[in-house]
Amino acid sequence: MSTTQAPSAAKQAQAQVQRFGTFLSGMIMPNIGALIAWGLITALFIQVGWLPILFRHIGDGTVPNWIGAIGGFGSHDVWDPATKQMVDTPWTGLVGPAINYLLPLLIGYQGGRMVYEKNPTRGGVIGAIATLGVIVGVPSSPMFLGAMIMGPLGGWTMKKLDELWDGKIKAGFEMLVNNFSAGIWGMIIAIFGFFAVSPIVHWVIRMLGKGVDFLVSNNALPVASVIIEPAKVLFLNNAINHGVLTPLGADMVKQTGKSILLMLESNPGPGLGILLAYMLFGRGMSKASAPGAAIIHFLGGIHEIYFPYILMKPILLLATIAGGASGVAVNQMFHTGLVGPAAPGSIFAYMMMAAPGDLFKILLAILVSTAVTFAIAAPLIKMDKGDDGDLSKATADMEAMKGKKSAVASNLVTAAPKGEIKNIVFACDAGMGSSAMGATVLRNKVKEAGFGDVKVTNEAIANLKDNYDIVVTQETLATRAIPKVPSATVLTVDNFMNSPRYDEVVEMIRAQRSGATAPAAADSSSVAPVTTATAVPAASAGAGAASSIDEPKAEILALDSIKLGAVAADKGDAITQAGNLLVSRGAVEAGYVDAMHAREATVSTYMGNLLAIPHGTNEAKELISSSAMSFIRFDQPIDWNGNPVKFVVGIAGKNKEHLQILGKLAKIFSNNDSVAALENASTAQEVADILGKVNS
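Numbering follows UniProt numbering, with no gaps: position 556 of the sequence shown is 556.
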């Protein structure tokens, strides 16, 4: 395994750029469905779309009312063969409002959510209001770039304002203050966007448009690939594509019915050429994984799958630049274009968004860009007599620079453990119990499969040693654990109760025992390359192995700490309620509730199966007088970072006394029948009975 070295200043700068690009992408990717919907509406209904053309050829040259209304041109307008356009074509219907209002507002909303972690809905709403100001400031141009600025700005400023009076509002006035503060600030920042930001963004887009016009008029548009292809590896592709090219392309679609700009970044040809070169001339893992990567890239449209192959040999950027430029040149020569963004950049998306009559010419451009990239990349790979490089390390480097795990790349490079699987640890962040629960669920699955000799424990990240075969940890925290266990296979989970990763571990063990080759973990989101660094969800009081847990003391869970039919405004309110029940029992000091919120801000305590287990930070242990738990069932599910939660269990653990009860809790919540019984329980005593006499 590779050793971890301190990154250079250049690497750190590159990482910052990539993380910025990832942040911008994070505003776009959740809204890809809306972009596709707009593209389909555009492709079908605009004046030069598929349906108007069909009706003109089979009828008298007129178009039905409903097509004109949706596409944005006058109903029953007559086709003019001389100009090849409809006579009298005001831009109304669905197409214009979708690109000018709906999509920027969605992007702004997502941007606000991303920066206001504690209250994402509030941040999203203010982000959308702020975006509206910049949209109205320049109503004639799609404000994607403005949304990427105003959305996060709105959410961040609201977050900072809320911090000013956090904890200072008198009881009963919270809703009044929160609603009016959001409304007043939303008004102010929308006006700011209208007067201050929209002119700047409009000027930037106008300058970029002039630059594009210059390139188009001088047949120099292929030069754009010199910027776009390297930008992909820096994860600035979505910012360039959807922040700049899509708005400019949308304007072009309005005027001509299609745009070449929508193909500058999304062309899958260069990436396919790289992967084909590795398939034929690569070595080791890069050669073996390239076919699968090519399928994901070309058919699925997930371009980041080939980024690690570029990072192994940065000189291959020359091949992708040449391939991208050649594809642009072919499209420019044949005057082809798309009617909407190909998002993601799949060959299927290209086929759906191709302008009428342009499909085969566009496919030719993709073929040419693939061939040119392959022709340059193949000898560069073949002539390099050294090792292809460490694909796992390249993937890990990419993820480190990206700032989060790749949804696909890790799947191609993380293998099953080489040695016999005998020792599995569920790592934790020295918290209060979630890793103990995960370890319990996994331990039971391993035993039920007949592998009782495999040891499954839980441990704090700080105490990890490089003597484990498999380390299981929470997805968002894996990189803190990885440097401590360079010899282990690291799997990540985001659902502690019923994660498919547990079944994969069992299959790895079964494959080893049967003499077969143990399979690698199947889902990329579950596997962390064994070379970089992040962390894990909270676990057990800095805990050691579950087998050494002390017996729990009585009254860890009391009837008066069970609350049914509760109502919470949001996740933060639910955490406060669970913490206050612990405070009222005298188990913790009031400051422990703040530590529970601090923990949640760092690592989500969502467990899966409608359960969350908020608990304090490791530093808050001194605030615990005795081990205790609280149990709250909410009538309506709470949004817990996008996951529904109906059961909130607050934990305060002292001297590891709570770990056995967590093990029982894990068994219960990994059983759907038990979860249903808890949903239907009508009294606190019924809940206590279902939990299996946890105080004994």
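There could be a bad hint or two in this list.
Stated by the list, open to error - Label-pair restraints from in silico Cβ distances: (1) Lys465 <-> Met351: 20 to 26 Å; (2) Ala598 <-> Pro486: 54 to 60 Å; (3) Arg206 <-> Gly357: 26 to 32 Å; (4) Glu163 <-> Pro139: 30 to 36 Å.
For the record, the hints were derived by calculation from the structure and aren't laboratory data. All of these numbers come straight from a predicted model, not from anything done at the bench. Each residue gets a CB set at the ideal place from its N, CA and C atoms; glycine is no exception.
Hints versus structure:
The supplied range of 20 to 26 Å is broken by lysine 465 and methionine 351, whose beta-carbon atoms lie about 53 Å from each other. For the pair alanine 598 and proline 486, the supplied restraint of 54 to 60 Å is violated, since their beta-carbon distance comes to about 30 Å. Between arginine 206 and glycine 357, the C-beta spacing of about 31 Å keeps the proposed range 26 to 32 Å intact. The hinted range of 30 to 36 Å is satisfied by glutamate 163 and proline 139, whose Cβ atoms lie roughly 34 Å apart.
Consistency note: the structure conflicts with the earlier hints numbered 1, 2.
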